[in-house]
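Here is how the chains run, residue by residue.
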Amino acid sequence: MSGSPFTSTLTLAVGAVLVCAVTVVWLSSVRSVIRVVAFQGVALGLVVLVVGVHLGDPGLIATAAVVLAVKGIAMPFLLERSGGGALTRETRPLVNVPASLVASAVLIVVAFVASRGVAHFVGSTEGGLVPVGVATALLGFFVLVAKRRPIFQMVGLLMIDNGIAMVAFLCTAGVPFLIEMGVSLDVLLGVVVLMVLAQRLRSEFGDLDLDELQELHD
Amino acid sequence: MILVCILGLPLIGAGVIAAGGGRPTLGWAGVGANGAALGLGIWTAVRVVRTGPLTGAQGVLRADALSAFMVVVIGVIALLASWIGIRTVALELANGQSTQRRVTTYGVLVQAFVAAMLLAVLAANVGVLWVAVEATTIVTTFLVGHRRTKGALEASWKYIVICSVGIALAFLGTVFVYLAALHVGGHSADALDWTSLMAHARHLDPSLMRLAFALLVLGYGTKVGLAPMHSWLPDAHSQAPAPISALMSGVLLTVAFYAILRFKAVVDLAVGPGFARGLLVIVALLSLSVAASLLLTQRDYKRMLAYHSIEHMGLIALGAAAGIPLAIAAVLLHILGHGLAKSVLFLTSGEIMAAEGTSQIDGVRALLARRPALGGVFGIGLVALLGLPPFSLFSSELLMARAEFEVGLGWAAVAAIIAMVVIFVAVVGHARHMLLGPPGAAVVEAPPPGWVAAPLVGGLVVCGFIGVFAWPLSGLLEAAAHVVAI
Chain A
1 MSGSPFTSTL TLAVGAVLVC AVTVVWLSSV RSVIRVVAFQ GVALGLVVLV
51 VGVHLGDPGL IATAAVVLAV KGIAMPFLLE RSGGGALTRE TRPLVNVPAS
101 LVASAVLIVV AFVASRGVAH FVGSTEGGLV PVGVATALLG FFVLVAKRRP
151 IFQMVGLLMI DNGIAMVAFL CTAGVPFLIE MGVSLDVLLG VVVLMVLAQR
201 LRSEFGDLDL DELQELHD
Chain B
1 MILVCILGLP LIGAGVIAAG GGRPTLGWAG VGANGAALGL GIWTAVRVVR
51 TGPLTGAQGV LRADALSAFM VVVIGVIALL ASWIGIRTVA LELANGQSTQ
101 RRVTTYGVLV QAFVAAMLLA VLAANVGVLW VAVEATTIVT TFLVGHRRTK
151 GALEASWKYI VICSVGIALA FLGTVFVYLA ALHVGGHSAD ALDWTSLMAH
201 ARHLDPSLMR LAFALLVLGY GTKVGLAPMH SWLPDAHSQA PAPISALMSG
251 VLLTVAFYAI LRFKAVVDLA VGPGFARGLL VIVALLSLSV AASLLLTQRD
301 YKRMLAYHSI EHMGLIALGA AAGIPLAIAA VLLHILGHGL AKSVLFLTSG
351 EIMAAEGTSQ IDGVRALLAR RPALGGVFGI GLVALLGLPP FSLFSSELLM
401 ARAEFEVGLG WAAVAAIIAM VVIFVAVVGH ARHMLLGPPG AAVVEAPPPG
451 WVAAPLVGGL VVCGFIGVFA WPLSGLLEAA AHVVAI
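Note that the protein sequences, when read in sequence, are chains A and B.
Its first residue numbered 1, the first sequence is counted upward by one per residue in my numbering.
Its first residue numbered 1, the second sequence is counted upward by one per residue in my numbering.
Honestly, I wouldn't trust all of these hints.
Not everything, but these chain A residues come out facing chain B in the computed CB check (under 10 Å) [stated by the list, open to error]: (1) 80; (2) 187; (3) 189.
These are calculated hints, taken from the structure and not from any lab test.
Yeah, the Cβ is synthetic: ideal placement off N, Cα and C, and Gly gets one too.
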């Protein structure tokens, strides 16, 4: 890759998103995980901003502001509120930390192999970074299945969403503005719904792990 | 203008319910609004068949024959479900299981749910379609958890987590479609308009479109309840209040399938019909076998109906895989027939559950003797759902099988028929337990009031009528099938 300011800033911001994702896999304290996800939202906003400035697209710069506000500030704030109280640590993850980190490495390799086909449709700089977005989404999926606290599932969903949003911005400089707004609003509402559900679960049944939800099966 | 009215009417109903302060009878505002939306939908359908597609709201909304057909299906089921919903919330309020505030929330959310589905089928742009389908997930999560029991909360948690992952995959698929469209010089603002995608379809990059369609089938397929992404469905449908189960099973599943149909038309042009066909045949046969094996051992009648939905979604996917106009027309007829029969059954099962106090098949006996009205509707509904004449599911299943043989998918049709026979035996066995038997010492209970029975019987009558006389629908079905057929 060349050393132009665009390339290096973009690479840095995209890299930060992935580092955040791996950090979430590694951490078990709810409070720090929320901070890391907030930072990931900020880094994603930066990715959009850099692409927007590079293309001179005012719509994209406005989208960057929305992404920053929604994913960097609003959602972490909501998560912090719903995650307060007793839910402070993931104590019994299904996969322990060293194994999780190995799994992360495997998932990142998988992402790079799987997204080769898409990369050549995109400019060389962004194309090289598309696999990072896919990797972030896969790590989000891993967090979703491997951790048992409700709050980690919300974080996992958020990471999947951040990863996919990053692929969208890198591939196509973002879907049209109107749709991007709809998408952000839907995701934000989705997190609010999860938050309310988590609060209802807690108020009705106390502090619980998700694998205690075993009532419905065949 | 008319399309904006169709979308606005359910929301006006929501406004009236929100302003009214929690009286269950205000639900009639919702019924009226949904009925009016249905009327406008029928009028739109007539106009579209005569004069071609309509657009509205500066091109954001568009109705061709397929959209108009889906609006009619949504309208019919919404009318039935909001009607019985009045009874459901009134009973809950009388039993102290609910509060006036929750009655209002319920009414508003149901109307918002209907509006989101209408937006999904009227959207000109596949990005807006995505936003609307995601909005249905958000709204229905609260409705699934409406009862706030442990089971209901568990079901709604599973529902939103699994469907959010699914819908995220569908978004990635949409992004790849957008990328392919930009590459053939689509203008960025309208590149995701379905008509513009169709116009450029032959030039879209095949490898990218294959990847995109696989993600879209996986993503929207999660909302359709196709195996292997179906695991949320039996939980959500069994825990939700009966009118919500009716709406979700009767029409939300097929609204998500409508999204797959739209993309399939584009992909068929871009990569040839073989790819989409192969993918849909796999998920269809998988869904049919999952439904057959789990229906055999089912002990809960609401879950039984839920697994039955997975079966019918499998049949619809198989019909869509065939893809010729005959097959698509049959698929659409099946969407309407299944919607009617399944929503009547879910609504009746809500009445049975309220009367008998259990959703276990073992807990209900001799229904025909003790509660002739409820038992009769439930039994006839099952007859319709199992695809026996005169109901429309019989003709649509027959037509789908014929189309499958025509395009060389005869082996898949045979596999589907085997699964349907297994399901038939299983469901008849369960139904015999519930419906027949000596009444014992119990007296004959009073039937539900006439205004509750009327929509249930009416739904079945319509389902039987369109099974015998195709004429009111044939023009619309033919026009709609040609929109997306190969």
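Notebook entry, point to check: Broken hints, numbered, in rising order?
Noted result: Violated hint: only 1; rest satisfied.
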